[in-house]
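> Sequence:
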Amino acid sequence: MGGELKSFTISGPTTAAFTTQTVRTLPTTRMPDIAKKVLGATLTVTQDESWSAPAADGSRTNTIKLTVAKAPVDVAAVQKLVVSGDSTVVELSGEVKSSVPFLGAKIASAAEPVIGRALNLQATLAQEWLTTHS
Numbered sequence: 001m002g003g004e005l006k007s008f009t010i011s012g013p014t015t016a017a018f019t020t021q022t023v024r025t026l027p028t029t030r031m032p033d034i035a036k037k038v039l040g041a042t043l044t045v046t047q048d049e050s051w052s053a054p055a056a057d058g059s060r061t062n063t064i065k066l067t068v069a070k071a072p073v074d075v076a077a078v079q080k081l082v083v084s085g086d087s088t089v090v091e092l093s094g095e096v097k098s099s100v101p102f103l104g105a106k107i108a109s110a111a112e113p114v115i116g117r118a119l120n121l122q123a124t125l126a127q128e129w130l131t132t133h134s
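Using the numbering used here, the first residue of the sequence shown is number 1, and each one after it goes up by one.
What the hints contain is simulated information worked out from the structure, not anything from laboratory work. Every residue gets a Cβ at the ideal spot worked out from N, C-alpha and C, and that includes glycine. Be aware that one or more of the hints could be misleading.
[To be verified] The calculated label-pair distances, taken between Cβ atoms and stated as ranges, are:
| no. | residue 1 | residue 2 | range |
| --- | --- | --- | --- |
| 1 | Ser87 | Thr29 | 30 to 40 angstroms |
| 2 | Val78 | Ile10 | 26 to 36 angstroms |
| 3 | Ser59 | Asp33 | 25 to 35 angstroms |
| 4 | Val38 | Val82 | 31 to 41 angstroms |
| 5 | Asp86 | Lys37 | 47 to 57 angstroms |
Please put together the full structure from these sequences, using the hints given.
Following this line, the structure appears as structure tokens:
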């Protein structure tokens, strides 16, 4: 996927409810030419996450909001870490929206696979980390 981490901050103790913010740049090389012309060589993506405190069984919910600088795209997703026997299951669902009149649905449809892959990669890495640290 490429890209560069620009900043990462955590607010609050991770043993309770907490928030994170990740700012990263991603290359536009896999995007349609029209998008590259508008956005340039890279996108700056800000990902804000709001994690719930652990439930009695250890499960958590994470509300994710992604914004892309210079792009009329907003992403809202919910990630759940659910206890399943001796392991943890990562569930992810979300929605991509664009505010451009007449073209919003087309823009959101083009952005959705890229954003979906990024969030699924993050969920996969979280699952791998949980597997090796439980």
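> Can you name, in rising order, the numbers of the hints this structure does not satisfy?
2, 3
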